[in-house]
Every structure is written in structure tokens, then in C-alpha cells.
Amino acid sequence: MSSTAQELIPPEAREPARPRAIKGGRVRRLSGRDKLVLSLMVGIPTLIELALVWLPTLMSVGLSFTRWNGLDLADIHSAGTENYQFIAQDYPPFWPALQHNMLWLLFLALIATPLGLLLAVLLDQNIRGSKIYQSIFFAPVMLSLALIGIIWQLFYQRDNGLLNFLLGTAGTPNAVDWFGDSSVNIWAALIAATWRHAGYVMLLYLAGLKGVDPSLKEAAAIDGANAVQTFFRVVFPAMRPINIVIVVITIIESLRAFDVVYVINRGTNGLEMLSALVIQNLVGEGQVIGVGSALAVVLLVISLVPIVFYLSRTFGKENQP
Amino acid sequence: MSIATARTAGNDTTILSRSGSRPKRHYGTHIFLVAMAVMWLVPLGWALFTALRPVASTNEHGYFSVAGDFNFDNFVQAWTQGGFATYFWNSVIITVPAVLLTLFLASLMAFAVSRVNWKFNITLLIMFTAGNLLPPQVLAAPLFEMAKHLEVPYSFSDSGNLLNTYIVVIAIHVAFQMGFCTFVLSNYMKALSPDLTEAALVDGAGIWRQYREIIMPLCRPAFAALGTLEVIFIYNDYFWPLLFIQSGNRLPITTAINNLQGQFLSNYNLLAAGAVITVIPTLVIYLLLQRQFVAGLTLGSSKG
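Order-wise, the sequence lines are chains E and Z. Numbered per this note's numbering, the first sequence finishes at 321, counting up by one with no gaps. Numbered per this note's numbering, the second sequence finishes at 1304, counting up by one with no gaps.
If you are wondering where the hints come from, they were derived from the structure by calculation, not from laboratory data. It should be emphasised that the depicted structure is a prediction, and the values quoted were computed from it without experimental measurement. Honestly, I wouldn't trust all of these hints.
[Claimed, not checked] Here are the simulated DSS-like pairs of lysine-lysine, each with C-alpha atoms no more than 27 Å apart in a straight line:
(1) E/K131 with E/K35
(2) E/K35 with Z/K1190
(3) Z/K1148 with E/K35
(4) Z/K1119 with E/K210
(5) Z/K1119 with Z/K1190
[To be verified] According to the in silico footprint, chain Z covers these stretches of chain E (three or more CB under 8 Å from chain Z):
(6) 78 to 92
(7) 160 to 173
(8) 183 to 191
(9) 257 to 268
(10) 272 to 283
(11) 295 to 309
Even glycine gets a Cβ: it sits at the ideal position worked out from N, Cα and C.
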């Protein structure tokens, strides 16, 4: 079910294990035409990346210090830190949104991710029907989060939803509108998000577990470790690269959480999230670009923590001479 | 050979103990997995069950019953009434060019940073990878305003600017997904032997021939995996069309499904049928290309 980059490469084309020959000086051998080809190869994608990803990111930072209704470019006025003061002091959904993002992260990190790991560990044993179980748990990963919102809406509705029927509350005054009731809807949305996230984590850990050298486990067994000790002291630490990826994915998914809440009620009434607040301020009647951008910058600053962590782990070694 | 046997023993701590009593030890595991699998299938199963029942029989017998007819009428009605044909076609118009362009540009970039020694390789690769990790909402405002204020002839776009066009959605998909694909492809190309291009270099092959005739053919497995993954990613994207496309009949299916909630007001059978129809393309891709899809997902994480 799983394969890694290395496995996909035909053996004869793989880089040999022997130390590589010194490769310096190759650039000097390039002809003028090659240099032109290379600069186009690098230049075009870089230009697109800069113009459509990094320039807008910087512009978000810039716009967060301005007041603008999004109509005439000449109407952009400097506002100092007004927008930030506004969202912190006078914008009621801001703090609930921050809390919900935190809750989202904690729920994914403490429940969805460990559940995915547990499923992977159980399915990594040679049990009968492992492939079928994997396909079932993995199925929601194929679905868009927007669609997941709709599917769970059918399950959660007040009058005709299956959950209220199973709880015996359907048709009674005790029936709960799981996505509509602001005291429970964040939890209902988190269950729906877990449904997808756990399958994703399971898949990555299944690949990770296959990559753990079996002799490590044997050695631990010879030393008298039981299965649980072997897992936590030997196997889990050996999967460090995958663990890092999963930590980063979990944090970033919780910051990106948007589709599910936006499909349910556009991120209002108990489902405030930073990403949804950004969009609420950009579209619709009262466009307040400055406020929306200030919220985007808050989101950006938080996101930079996992991004920098991941990049330093991934590229840190290569950067050293 | 001994490693192979040890691996088939899976998580069992001792190889010796696996004979005889082994199947017994998994009963608890199976009970847990079956319970989880049922919980996993219930929401999907409920949607399918509701979709298969005409609204008349659910009105008569209630949603929590098995009485009455089962047929595909809801699917037919949802398809025609919901305008699915248009939405699916819009998804194709956006997804196909976006995936092809993303893979092409990412392969150029990945080749340049992985096969040629150059001072800024790592810097560029970090910039590309980081760009892909940003939450899309961070760049939404400036991109929206850029599209709105960039005036184009009315013959090109009936809004007079880039809003409401497929071009802008495709472009932003390419820019956003290119980072991930470049990262994965460059790792893949780095794992290819340097002798391959060294030999070509001795033969006098230029950069373009090395890329086109040596590296590209070897990258086919990576393209298959990434291509499958990107088709699903872009097909499933909800946000960018929501931001840029205002007229409902130009939305791709994933974004349009939200409007069905209003359109099929309180007819949950139709809504369920619409949801199931939307799942079908991903399901087909998953069943046909499961191996590629899974390979694509794990490719990105194989290096840390």
C-alpha cells in the first residue's frame, strides 16, 4: 500500500551508495545556451512563485497597517497599528477564533493524530483484512473538506439526522442541531475533521513503520523489551522524520481549518476561526481590507512557527558546508 | 533472507512465538478495528442510504426506516436540477491545465536545483517549500485585489478584470502547488545517480537534452504519483474558486456543492444524492490509481 521516493526509483538509476565524486566546477563547463536554458528553468517558476505567493504575503503585511475599502487604490490611507488594536479590543470574534484554532490544534494533536498512529500500528501487523481496513480508514482523505461538511450535516441534522435517531432524541424537544448549536458545533466539526485527519496520519505512519529497520525490533526483543516498550523506546524514535512531518501537518491543518466551518455556517456562531474571519472581512458588503489583512498577519505569524521548524529540520543539514 | 522472514512476522517481538497461537492474539485488535471501521463508514453509508430513497418514501415512513422504494431517481433529479454537468466541466477546465502546468514548471525547477550545482539552490528550494505551507487565507486579500484591479479587455473577460475567470484560479493553483511538487521532484532527482548526466555531459548533451531525454523519462513514476495526488488536491480545492469566481455557473463542483444546500432546501435526499455524485470522480481515481495516490502522499514525507 505504501512506497517511498526511493522505492519508486528503478534500482539501476539510483544513486550509488559509494561516496560521490567531487562535483564542483560543473557550472563552468556550461555553454552560453545552457546558461540561458538554466536561467529560464529557474526564472519562470521563481517569478510565478514570487509574484503570486510571496509578493501577496508581503502585501498582506503592508495592507494590515492601512485603512482601505478595496475600491480605489488612491484611497489607501496609513492607519498605523489601528487595525491590530481594533481586532484585539473591539472585534468580538477574534479571541474566540484564536481559542477555536488552539482547540482545533489540541484536538487533532491529542486525539486524531494518536488515533491514526494506533490504527497504523495495529494494521502494520499481519492481520487478516489489513488492506480492507486501510481502504476504509483512508477513504475520507480522498474527500474534500467541503464535502465532508455536507456529509456530516446529513448525519448531524436536528430532525432527520442519524445521530439524533441513534441517541433516541430525534423528533423530541431534546434533539440537538449538532452543527447549528453554538455550544456543541465546534466539537461536532472536530469529529468530522478527525474522521479525515486520522486516516491521513495512519497512511503516513504505515509508510514510516515499513521503513523501520526490523533488526532494531529484534535487538529490543533480545534485550527483553515487551511490545509496548519496543514501540515507544525503539520504533517510535526511529520514525523521527515522519514524526516531524506529522507534527507540522497537524499544526498547519489546524491553522488552515477553513472549508468545514465555512460550509457549515461561514465560520460564525460558535465556529469562528482565524481563516474564516479573514475572508469575512474581505468579501461581502463592508470590505475592511485593513482588518482582514491584520487577521491574515496574525495567522501568518503563527504559521511561521511550524514552517520555520520544519524547514530548519529539513534543510538545516544541507545548508552546512 | 532472514530480514524478509523477520518482516513478515510484523510487530511480533519474538519470531519464535509466531507459530501456533498467533492468530488468537489478534481477536481484540479485530474487535477494535471492526468497531472503528463501522464508525468510519456510517456517515458515508447514511448519505448513500438517504440518496437511494425517494423523498416520497422518507416522507411516508420517516428517514429512520427501510420501508419504501430504493432507486436512483434522486441522482437523476440532482444531476439535472443541480446543473452538475456544468460544474463537472468547470472542474475539468480548472484541474487539467493546472496539474499539467504545475508538474511541468516544478520539473524544470526541480531539475535546476537538484542536478546542477548552484549557490542559491537551497535558498530557492526553501522559498518554494515554505510557500506551499502558508495558509491560503494569508495571501487572499492582495490576490483578490490584484485580480480586481488588473484591467483586461472585455473580450477576454466579461468582468473587465481577472475576477470571475478560470485563468486566475489556474494561475494561483499552479503557484501554490508548484512548491510541493518542486520539493518532492527535487528529492526524487537527487536520488538519481549523478553518473547519468555526467555521461551525457561528456557526450556533449546540453542541459535541455539532459532534462528531456535522461531525467524526465526516469521521473515517470514520480509524475504518476504526483499527478494523481495533484488532480485530487485541485479537484477538492474549495477556497480559491470561492474567492475569485462569483457567478455560480462558473464554479467547479467542489465549491458549487455548498450552493446545493440552498438549492435543494430541506430535500435531504437530493442533497445526499448530490454529495454522492461529487464523491464518484475521486472514488474512481482512488480505485484505479490507489497505489499512485498513496505513493504521492508518502513521497512528500519520505525525507525529513
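Hints, verified against the model:
1. E/K131 with E/K35: violated (49 Å)
2. E/K35 with Z/K1190: Between E/K35 and Z/K1190 the Cα gap is close to 20 Å, so the pair holds against 27 Å.
3. Z/K1148 with E/K35: violated (37 Å)
4. Z/K1119 with E/K210: violated (36 Å)
5. Z/K1119 with Z/K1190: holds (16 Å)
6. 78 to 92: Violated, because only 0 residues of the stretch 78 to 92 of chain E bring their Cβ atoms closer than 8 Å to Cβ atoms of chain Z.
7. 160 to 173: holds (count 4)
8. 183 to 191: violated (count 0)
9. 257 to 268: holds (count 4)
10. 272 to 283: Per the Cβ count (6), the hint holds.
11. 295 to 309: Satisfied; 7 residues make the cut.
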